[in-house]
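Each chain, letter by letter, is given below.
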Amino acid sequence: MIADVVPTPTWYLVLAAVLFGIGAVGVLVRRNPLVLFMCIELMLNAVNLSFVALSRKLGDIGGQTAVFFVLVVAAAEVVVGLGIIVSIIRRRPGATADDLATLKG
Amino acid sequence: MQLVVFVIASLMVLVGAVGVVLRRHPVHAALSLVLTLFGVAVHFVAQEAHFLAAVQVIVYAGAIVVLFLFVIMLLGVDSADDLRIERLPIQRPLAAVMGVGIVGLLIAAVVATRGSEPLQAGAGINVAGVGIDDAVAGHDANITQLAGNLFADYVFAFELTSVLLIVAVAGTVVLTRREKPPSEEDAP
Amino acid sequence: MIGLVAQVGDWPTPVVDWHALAPELVLIAGINLVLATDLLLEEGRKWATATLTGFVLLGAFVPVVTLAVIGGDVRALFDGRYVIDDFALILKALFLLTGYVVVLMSQTELEEGGYYQGEFYVLLLCSVLGMVMMTSSRDLVSVFIALELLSIPAYMLAAWRKRDRKSNEAGVKFYLLGVFASAVLLYGMSLLYGATGSTRFDEIAASLASGDLIGLQIVGITFVIAGFAFKVSAVPFHTWAPDTYEGAPTPVTAFLSVASKAAGFVALVLVIFTAFPTADGVYGPLVWVLAALTMTVGNVIALRQTNIVRMLAYSSVSQGGFILMPLAFVNSGDAAEPALKAVVVYLLVYGFTNLGAFAVVIAVARKTRSGAITSFGGLISYAPGLTVLMTLFLASLAGIPPLGGWIAKFNAFKAVLDAGSGSGYALAVVGAVNTAIAAAYYLRVMREMWMNDPPDGDRAPIVTPAPVATALGITAAGTVVLGIVPGLVLRFADLQDLTGALGG
Numbered sequence: 340m341i342a343d344v345v346p347t348p349t350w351y352l353v354l355a356a357v358l359f360g361i362g363a364v365g366v367l368v369r370r371n372p373l374v375l376f377m378c379i380e381l382m383l384n385a386v387n388l389s390f391v392a393l394s395r396k397l398g399d400i401g402g403q404t405a406v407f408f409v410l411v412v413a414a415a416e417v418v419v420g421l422g423i424i425v426s427i428i429r430r431r432p433g434a435t436a437d438d439l440a441t442l443k444g
Numbered sequence: 014m015q016l017v018v019f020v021i022a023s024l025m026v027l028v029g030a031v032g033v034v035l036r037r038h039p040v041h042a043a044l045s046l047v048l049t050l051f052g053v054a055v056h057f058v059a060q061e062a063h064f065l066a067a068v069q070v071i072v073y074a075g076a077i078v079v080l081f082l083f084v085i086m087l088l089g090v091d092s093a094d095d096l097r098i099e100r101l102p103i104q105r106p107l108a109a110v111m112g113v114g115i116v117g118l119l120i121a122a123v124v125a126t127r128g129s130e131p132l133q134a135g136a137g138i139n140v141a142g143v144g145i146d147d148a149v150a151g152h153d154a155n156i157t158q159l160a161g162n163l164f165a166d167y168v169f170a171f172e173l174t175s176v177l178l179i180v181a182v183a184g185t186v187v188l189t190r191r192e193k194p195p196s197e198e199d200a201p
Numbered sequence: 004m005i006g007l008v009a010q011v012g013d014w015p016t017p018v019v020d021w022h023a024l025a026p027e028l029v030l031i032a033g034i035n036l037v038l039a040t041d042l043l044l045e046e047g048r049k050w051a052t053a054t055l056t057g058f059v060l061l062g063a064f065v066p067v068v069t070l071a072v073i074g075g076d077v078r079a080l081f082d083g084r085y086v087i088d089d090f091a092l093i094l095k096a097l098f099l100l101t102g103y104v105v106v107l108m109s110q111t112e113l114e115e116g117g118y119y120q121g122e123f124y125v126l127l128l129c130s131v132l133g134m135v136m137m138t139s140s141r142d143l144v145s146v147f148i149a150l151e152l153l154s155i156p157a158y159m160l161a162a163w164r165k166r167d168r169k170s171n172e173a174g175v176k177f178y179l180l181g182v183f184a185s186a187v188l189l190y191g192m193s194l195l196y197g198a199t200g201s202t203r204f205d206e207i208a209a210s211l212a213s214g215d216l217i218g219l220q221i222v223g224i225t226f227v228i229a230g231f232a233f234k235v236s237a238v239p240f241h242t243w244a245p246d247t248y249e250g251a252p253t254p255v256t257a258f259l260s261v262a263s264k265a266a267g268f269v270a271l272v273l274v275i276f277t278a279f280p281t282a283d284g285v286y287g288p289l290v291w292v293l294a295a296l297t298m299t300v301g302n303v304i305a306l307r308q309t310n311i312v313r314m315l316a317y318s319s320v321s322q323g324g325f326i327l328m329p330l331a332f333v334n335s336g337d338a339a340e341p342a343l344k345a346v347v348v349y350l351l352v353y354g355f356t357n358l359g360a361f362a363v364v365i366a367v368a369r370k371t372r373s374g375a376i377t378s379f380g381g382l383i384s385y386a387p388g389l390t391v392l393m394t395l396f397l398a399s400l401a402g403i404p405p406l407g408g409w410i411a412k413f414n415a416f417k418a419v420l421d422a423g424s425g426s427g428y429a430l431a432v433v434g435a436v437n438t439a440i441a442a443a444y445y446l447r448v449m450r451e452m453w454m455n456d457p458p459d460g461d462r463a464p465i466v467t468p469a470p471v472a473t474a475l476g477i478t479a480a481g482t483v484v485l486g487i488v489p490g491l492v493l494r495f496a497d498l499q500d501l502t503g504a505l506g507g
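Read top to bottom, the protein sequences are chains L, C and F.
Per the numbering used here, the first sequence starts with residue 340, numbered consecutively.
Per the numbering used here, the second sequence starts with residue 14, numbered consecutively.
Per the numbering used here, the third sequence starts with residue 4, numbered consecutively.
Some hints here could point you the wrong way.
[Claimed, not checked] Derived coverage of chain L by chain F (criterion: at least 3 residues anywhere in the stretch with Cβ under 8 Å from a Cβ of chain F; other residues may be distant):
(1) 384-392
(2) 400-413
[Claimed, not checked] Here are some chain C residues pointing at chain F (derived, C-beta under 10 Å):
(3) 28
(4) 31
(5) 35
(6) 38
(7) 40
(8) 164
(9) 165
(10) 169
(11) 171
(12) 172
(13) 180
(14) 186
(15) 187
(16) 188
Hints listed in this document are in silico derivations from the structure and should not be mistaken for laboratory results.
Predicted model only: the values in this text are computed from it and were never measured.
Glycine is no exception: its CB is placed at the ideal position from the N, C-alpha and C atoms.
Work out the full structure: start from the sequences and follow the hints.
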């Protein structure tokens, strides 16, 4: 019966891989620094998902602890990142990643 | 039942993720991100990471996305980001090829090394050394185990994250503080 | 409440060796102290925070010295996740000293530039704390926390000159690429954790050594190395480095190009030597290609630079290639021991030399207000002391004996040749060619200083502020002393020590 099929860790890992790939593509194609940053958050979520799935598979809590740390660090990163982005956009409204070309060589 | 949960949550995750990448409006992208985050939280619950599921909703959806929306609204950068303008013609296809390549590689690696055993519902996770009896520990076994691991083996790293948070807040306040009056400003 | 406490009573309480953690604890106390003191000081007296920061860093140096003097067994804490051995101690000393020199270099710059000072030093201390933690971490999660602890303040430091477009841009670029690299690194870590069953380096090593590598492990190792390659600005992950280096305030550039990069290398050394030594089929070719590309591309672009900071930025990219070089041969022949020594010595020498070069640039730029290499023209006629020092640092970077840079390069080549394989000889040839190319652009700056006339005929002497002069003294002494007696530090890079601690 199809209803009895139980998801294995492999399913979750494949989902995490797809999510990571979508995030990575987003980083490469989007230009708005805020949206770029959201795409990086997608990648971090893929990391979390795969940590939890592997933690479950191994029967080891270590993976969940790692996710906890990733969450904390992500929070700090967001604060800092938005701070830097706010200070740059205040100076130059409508800045995109392509406008960041004062420094070249 | 587990299958249904998996399929629905995965759809949330993927639709949200594609939304973040494709929606032109930053606000829509942020809202799509919420969908993904909730989907991931459901997956956490399905895998008995109850505490992380709660933290995921509170920290990610509750704090991080709200912060994003605040910044988008306050700065008024809610103008649409035009996806049709390609600055570098090669970039889009290159990104797609790389993305597909990465995903393909990862999936191949995952599938090639898959374990055959299915997840056992309600088995719980046991840490070597902490040893918690499921029957006794009951419903907060997950939190107890996580805390035991966090405050024994990772206590130093945990304490250092508090330094990180303080410093991040202090630095950001300075970076985003309005300029001092021009009289005090030195010419560069 | 009491019930709760009783319930947790049977948890394994971690045994804490306070002496071993003392350097970190001093830094943590110092961060809070500087942050609080800054609030109490009036605007005109903010310079006091710099002095205080200097004392904090020297204070953290004391337990490092006592730990080294007492010596004895390797101290392992938290179930082997945090280890204090000779390797950790010598690099802790390097990072604390680097931090101190950067404080000396920043003092005048910050006062004259009108930046926020107190918070600057808080961020600097936090970053140093991350580096100090990195040297002792023997666990994926600890390494990750240490990496973020050092990078997150660095993102803000790069953007610190917030009225300046270039600095803003430096911050954003550094930040976005840094966070992206963290995500890649973390994904690799998660796969590695899943494929080996542990986050501890010794257990990962045991698991990897126990059989053929499986797909997940290979992908995990690749992602982890790629993530760290961003941090050490190895080609092709170097694009952020020159832009960030040019845009950031110069003392911050010195800090990033020395300390932050060295911390990335420490992380690479730790994962390669303690977590995947036997997986050289995966990291060997990867590091080989990274090293060869990094040296060559960094050098070729450095040749074309007209701005001294950008030139030093690309030169530091290419120096990174030389540090990477021995890491490709950790598991072949007898190369492991010389490779570890080579990397440690290179990091120390490179730290002193590059900091020194930046200190000279800061001193000269105070007068010329320019970053162009031509602004160094005729420096000998009005600042002979600075000219001699700059010549010393550039000669060391180029690898001319008997300076530190020569010993560093010598050790790196020796380690590669010890591997005794065809690929080792090939990489040594690439390195030798690059050493010759690098000499060209270092010599160009020297010729500018010694032979040419000042661009605007202005021969007014340069006044070097006392803190910068002290920084120059420390770095020059380090460059010369390490060149003449490298034995001083070699005993701290003991392979037995590094891997033995993990086994037991």
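Status of each hint after checking the structure:
1. Counting residues of the region 384-392 of chain L whose CB falls under 8 Å from any CB of chain F gives 5; the rule of at least 3 is met.
2. With 7 residues carrying a beta carbon less than 8 Å from a beta carbon of chain F, the region 400-413 of chain L meets the three-residue requirement, and the given coverage holds.
3. Here the hint on residue 28 of chain C is broken, as its CB sits about 21 Å from the closest CB of chain F, past 10 Å.
4. With 10 Å as the threshold, the beta carbon of residue 31 of chain C stays out of range of chain F, its nearest partner Cβ sitting at about 18 Å, so the hint is violated.
5. Of the supplied interface hints, the one on residue 35 of chain C is violated, with its beta-carbon coming no nearer than about 19 Å to a beta-carbon of chain F, more than 10 Å.
6. A hinted interface residue such as residue 38 of chain C counts as satisfied when its beta carbon comes closer than 10 Å to some beta carbon of chain F; here the least separation is about 20 Å, so the hint is violated.
7. Taking 10 Å as the C-beta contact cut-off toward chain F, the hint placing residue 40 of chain C at the interface is violated, the least distance being around 20 Å.
8. Against a cut-off of 10 Å between C-beta atoms, the interface hint on residue 164 of chain C holds, since the closest Cβ of chain F lies about 7 Å away.
9. Below 10 Å, beta-carbon pairs count as interface contacts, and residue 165 of chain C has one with chain F at about 5 Å; its hint therefore holds.
10. The beta carbon of residue 169 of chain C is positioned within 10 Å of a beta carbon in chain F (closest approach about 6 Å), and the interface hint is therefore held.
11. At its closest, the beta carbon of residue 171 of chain C sits 9 Å from a beta carbon of chain F; the interface hint therefore holds under the 10 Å criterion.
12. For residue 172 of chain C, the interface hint holds, since its Cβ comes within 10 Å of a Cβ in chain F; the closest pair sits about 8 Å apart.
13. Interface restraint check: residue 180 of chain C against chain F, minimum CB-CB distance 4 Å, threshold 10 Å, status holds.
14. At a threshold of 10 Å, the smallest CB-CB gap from residue 186 of chain C to chain F is about 8 Å, leaving the interface hint in force.
15. Among the interface hints, the one on residue 187 of chain C holds; its C-beta lies about 5 Å from the nearest C-beta in chain F, closer than the 10 Å criterion.
16. Hint status for residue 188 of chain C: holds, given a least beta-carbon distance of 6 Å to chain F, under 10 Å.
The structure fails to meet hints 3, 4, 5, 6 and 7 from the earlier list, while all remaining hints are met.
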